[in-house]
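S.K.: One-letter residues, chain by chain:
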Amino acid sequence: MQALVEKQRSQESVFDMSDPKEKTMAHTPIIEECPTLVLQGLSRHFGSCCSYCQDENAQLERNVCPRCGTVHALRNVSLELFPGEIVGIVGESGSGKSTLMQCLYFDQEASSGTLHLQSYDGGLHNAFELSSQERLRVRNTMLGMVYQNPYLGLRMDYSSLSNIAEQMISSGNRLVETMIGRGSSLLDEVNIPERRKTEAPRRFSGGMQQRVQIAKALSNNPPILLLDEVTTGLDLSVQANVLDLILRIRRDFRVSMLVVSHDLGVVRMLADRTLVMLDGQVIESGLTDQILEDPQHAYTQQLVYSLL
Amino acid sequence: MTKQYNFAFFDEASKREIRRAIIKGIAVPGYQVPFASREMPIGRGWGTGGLQITLAIIGKRDVLKVIDQGCDESVNAVNIKKLIHATTDVEITEETKRASIIQSRHRIPEHPLEENQIMVLQVPTPEPLRHFEPREAATRVLHAQADYTGAWLNLFDQIVCFGTTTTGADHPVKVNQRYVMAPSPIPRFDNLKLHQSPNLTLFGAGREKKIYAVPPYTTVEPLDFKDHPFAVEDFRGKQCTICGASGVYLDETVDEESGKTLYRCNDTAFCTQQAALKGLI
Ligand SMILES: Nc1ncnc2c1ncn2[C@@H]1O[C@H](COP(=O)(O)OP(=O)(O)OP(=O)(O)O)[C@@H](O)[C@H]1O
Ligand SMILES: [Mg+2]
Ligand SMILES: [Zn+2]
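Top line first, the protein sequences correspond to chains A and B. For the record, in the first sequence the residue sitting at position 150 is 139 according to our numbering, with numbers rising by one throughout. If you want our numbering, it's the position in the second sequence, counting the first as 1, plus 32.
Hints should not be assumed to be uniformly reliable.
[As the list claims (entries may be wrong)] Simulated crosslink set (SDA-like; lysine to any residue; CA at most 20 angstroms straight-line):
1. B:Lys258 to A:Asp96
2. B:Lys114 to B:Tyr63
3. B:Lys258 to A:Asn162
4. B:Lys206 to A:Arg163
5. B:Lys206 to A:Gly170
6. B:Lys258 to A:Leu164
7. B:Lys258 to A:Asp241
8. B:Lys206 to A:Leu164
9. B:Lys241 to B:Lys114
10. B:Lys114 to B:Arg70
11. B:Lys258 to A:Gly161
12. B:Lys258 to A:Ser226
13. B:Lys92 to B:Tyr63
[To be verified] Rough simulated footprint, nothing fancy, chain A against chain B, three-plus residues with beta-carbon under 8 angstroms:
14. 171 to 183
15. 254 to 264
The hints are simulated quantities; they were obtained by calculation from the structure and are not laboratory data. We put the CB at the ideal spot given by N, CA and C, even for glycine.
With the hints as extra help, turn the sequences into a complete structure.
M.R.: Take a look at the structure:
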């Protein structure tokens, strides 16, 4: 049964840019019973809150409390991610997309909320409450992250191979040759030429840096990838390459992904389902095609029509 | 001569504060203890960390040896010796065996140290994770969590870029199976002398305001990879042209006239003693 599902999936996720209709078909997600990631009620604020804005339904000025000035970057955000699924997150600048990704990657502390990871402990414990050492382990073995800003994701003064080896070293690998081998094949995967593998990414173009970040995120074969604006700021042709790469990764490694972008075109091409964020809240979610064809929320309508 | 300073330059309260840091360092082997590094009549970066330790622990009956780059007679060593002698009147020696305190910058003497001797090493960069993580607050957290990925990554990066980790001194070591420590710029050859040695070794970084220690008989292991094991500088088949010693750390020089490569002991005091023993000088 499992094998059948897998076969079906691998056929379905073959990426074909030629026919948009077929693409729509290919994007129909297969929902397996067990989500790989469940996030519930995530909030993240900067500031100490007051009695007014502690109420999660309190009216704010955008994401700022009018009484105490606390910034509510995320308010009560929930989402599920299934194996092999790509979920898109769209929203304007400041809507909380990067904050969401960084909370999921433990770069930032959640103010409240729960995170359950199937691959960690069968989803038993709230991962936000793990010790910092356990979080590091989860990060190293279950999550891969590509940052909006490559300077956050890469060590610019270490060779590309070293960048990729870092997580392997962190999870206890002490064999140089295996790590060079794995790093080298991942860099092949993202088309980094041989002679640049020992070079530091500081000297790379933006597109190359993003591709090294992707290779790095894949180093420990994580079941979940977090991609924050991977294509923003890249030339169109480079963008297409990176998007292609992401779809190939899903097909070859069956990874689940959260893909953040303020570009609906990117989300349209990648995501099975999409969440729309505004002022720290999820205002609409559903199948990507549905949201793009028939947006419900006034803000989403505005967003979609401006794209057309 | 009228003494213008307290014994050993510092006032007693300063010495006590430094000793307190030393004791804490001994209690937590390899852990960098912050201390209030003082202004010294020698520029920082010229061994003031080691000097402050020496001044804090020295007593009237101590015998002091100061080494700089394997040689007891270089300018820096001379200045440090002068300052300590002028403020303590202790006996100064070049003979390792006779010294109770040995302050050094780049070497641990060839002559094996004993329980009643203290080795004081001057440290320019005490933080083995500094290249990996520039923020002090962050490296402290990494030490607390025993997360030494950065130290391994530095070695890995050297292997990727140069094919070997055998490039430099100051090869990081794990002390007492807990803290990763910069052993100061001693050659890898001397790293092994730290392991289970009968003497106490103290490390002082004046500019970075840190003191740390390896107590006697402590496990000290150089970091390495399974397929790139730690290796010391290789002097096999070579010997000192002056005293004939082998199995010691040798300096390489080229003889101007013959163009031949010559080797001689880096530890000049050791070399002189060996040569005398063999009746060569
Ligand atoms: N350290 C901070 N202190 C105060 N406010 C912050 C902090 N970090 C982020 N914010 C605020 O949180 C909100 C969400 O920011 P975030 O970076 O997550 O937005 P984003 O959706 O990723 O935007 P963009 O599309 O520009 O990347 C913004 O209003 C931002 O100003
Ligand atoms: Mg962002
Ligand atoms: Zn408020």
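S.K.: What's the verdict on Lys206 of chain B and Gly170 of chain A, does the C-alpha distance respect the 20 angstroms limit or exceed it?
M.R.: Violated, because 27 angstroms separates the two Cα atoms, which is more than 20 angstroms.
S.K.: For the pair supplied as a hint, Lys206 of chain B and Leu164 of chain A, is the alpha-carbon distance within the 20 angstroms limit?
M.R.: holds, 18 angstroms
S.K.: Regarding the pair Lys206 of chain B and Arg163 of chain A, is the alpha-carbon distance no greater than 20 angstroms?
M.R.: holds, 15 angstroms
S.K.: Given the proposed pairing of Lys114 of chain B with Tyr63 of chain B, does the C-alpha separation stay at or below 20 angstroms?
M.R.: violated, 31 angstroms
S.K.: For Lys258 of chain B and Asn162 of chain A, compute the direct alpha-carbon distance and say whether it is at most 20 angstroms.
M.R.: holds, 9 angstroms
S.K.: Mind checking the alpha carbons of Lys258 of chain B and Asp96 of chain A for me, to see if they're no more than 20 angstroms apart?
M.R.: violated, 32 angstroms
S.K.: Establish whether the coverage given for the stretch 171 to 183 of chain B by chain A is satisfied; the threshold is a Cβ-Cβ distance below 8 angstroms, and no fewer than three residues must meet it.
M.R.: holds (count 3)
S.K.: Straight-line Cα separation of Lys258 of chain B and Leu164 of chain A no greater than 20 angstroms?
M.R.: Holds, at roughly 6 angstroms.
S.K.: Are at least 3 residues of the stretch 254 to 264 of chain B within less than 8 angstroms of chain A when you compare beta carbons?
M.R.: With 4 residues close enough to chain A, the hint holds.
S.K.: Given the proposed pairing of Lys114 of chain B with Arg70 of chain B, does the C-alpha separation stay at or below 20 angstroms?
M.R.: Cα-Cα ~19 angstroms, so holds.
S.K.: Does Gly161 of chain A lie within 20 angstroms of Lys258 of chain B when you go C-alpha to C-alpha?
M.R.: OK: Lys258 of chain B and Gly161 of chain A at ~12 angstroms, within 20 angstroms.
S.K.: For Lys241 of chain B and Lys114 of chain B, compute the direct alpha-carbon distance and say whether it is at most 20 angstroms.
M.R.: Measuring from Cα to Cα gives roughly 23 angstroms; hence the hint is violated.
Going through the hint list in order, the structure does not satisfy hints 1, 2, 5, 7, 9, 12 and 13.
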